[in-house]
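A.B. asks: Below, each chain spelled out in residue letters.
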Amino acid sequence: DTGVSQDPRHKITKRGQNVTFRCDPISEHNRLYWYRQTLGQGPEFLTYFQNEAQLEKSRLLSDRFSAERPKGSFSTLEIQRTEQGDSAMYLCASSLQAAGTQETQYFGPGTRLLVL
Amino acid sequence: AQTVTQSQPEMSVQEAETVTLSCTYDTSESDYYLFWYKQPPSRQMILVIRQEAYKQQNATENRFSVNFQKAAKSFSLKISDSQLGDAAMYFCAYRDAGNMLTFGGGTRLMVKP
Numbered sequence: 001d002t003g004v005s006q007d008p009r010h011k012i013t014k015r016g017q018n019v020t021f022r023c024d025p026i027s028e029h030n031r032l033y034w035y036r037q038t039l040g041q042g043p044e045f046l047t048y049f050q051n052e053a054q055l056e057k058s059r060l061l062s063d064r065f066s067a068e069r070p071k072g073s074f075s076t077l078e079i080q081r082t083e084q085g086d087s088a089m090y091l092c093a094s095s096l097q098a099a100g101t102q103e104t105q106y107f108g109p110g111t112r113l114l115v116l
Numbered sequence: 117a118q119t120v121t122q123s124q125p126e127m128s129v130q131e132a133e134t135v136t137l138s139c140t141y142d143t144s145e146s147d148y149y150l151f152w153y154k155q156p157p158s159r160q161m162i163l164v165i166r167q168e169a170y171k172q173q174n175a176t177e178n179r180f181s182v183n184f185q186k187a188a189k190s191f192s193l194k195i196s197d198s199q200l201g202d203a204a205m206y207f208c209a210y211r212d213a214g215n216m217l218t219f220g221g222g223t224r225l226m227v228k229p
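Chains as they are written, first to last, in this note's numbering: chain A, 1 to 116; chain B, 117 to 229.
Quick caveat, the hints were computed from the structure, so don't treat them as lab data.
Model, not experiment: these values are computed from the prediction.
Built from N, CA and C at the ideal position, the CB exists for glycine as well.
Possibly wrong hints are sitting among the right ones.
Per label pair, the in silico range of CB-to-CB distance [said to hold, decoys possible]: (1) B/S158 with A/T13: 18 to 24 Å; (2) A/G100 with B/F180: 22 to 28 Å; (3) B/K194 with A/T104: 16 to 22 Å; (4) A/L116 with B/L200: 35 to 41 Å.
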């Protein structure tokens, strides 16, 4: 069990550019979550997947944001036409949802985005 | 919408002493889960302890225990025998059937040697 991994760990981009982040969940975890955390604040929910289906999206997820989990394994989060307000830590978490188990979300190290 | 409030932005404790971090939440649900997560500086968030709302018994994990008061919607974390490695941001989080976690604003815990 290697834990949740995220790539890249850091990203600096210029305003207006597109960026894409990747998350690899713990193997056999069927749920995958994306959160955003700004400096000094708690994480805020963005979206989540059960297998390949995107089941819920926050109002925070504007139409510049898109997330995919095409084969029910890794996920990507793309931000188009980045704005300075997008600067934050983007956290991925995964969990196993199954009958008789306690569902707990395990977090990755995050991708820190800075938009100049 | 559910909200989670951590009223202590910073707390300080002497090594080997006990400290309690506060958390209150607002919900109209009866079935939900509560969590404390720890986020060390520049490191990833890890689960400290969880509590199911239907359980009356307070959860305990080694030096970490909670005081869950369902009627008061309060969920505090007690850390006994504090160690230098306990220094971190601590986040209280709530989850109901909606699956997503709602986090409080965090409490920064400093441990003095």
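A.B. asks: Indicate, hint by hint, whether the structure satisfies it.
C.D. replies: Hints, verified against the model:
1. In this structure, B/S158 and A/T13 meet the distance hint of 18 to 24 Å, their C-beta atoms being roughly 21 Å apart.
2. The beta-carbon spacing between A/G100 and B/F180, approximately 25 Å, falls within the hinted interval of 22 to 28 Å.
3. A beta carbon spacing of about 21 Å between B/K194 and A/T104 agrees with the range 16 to 22 Å that was offered as a hint.
4. Our hint of 35 to 41 Å for A/L116 and B/L200 holds, since their Cβ atoms are close to 36 Å apart.
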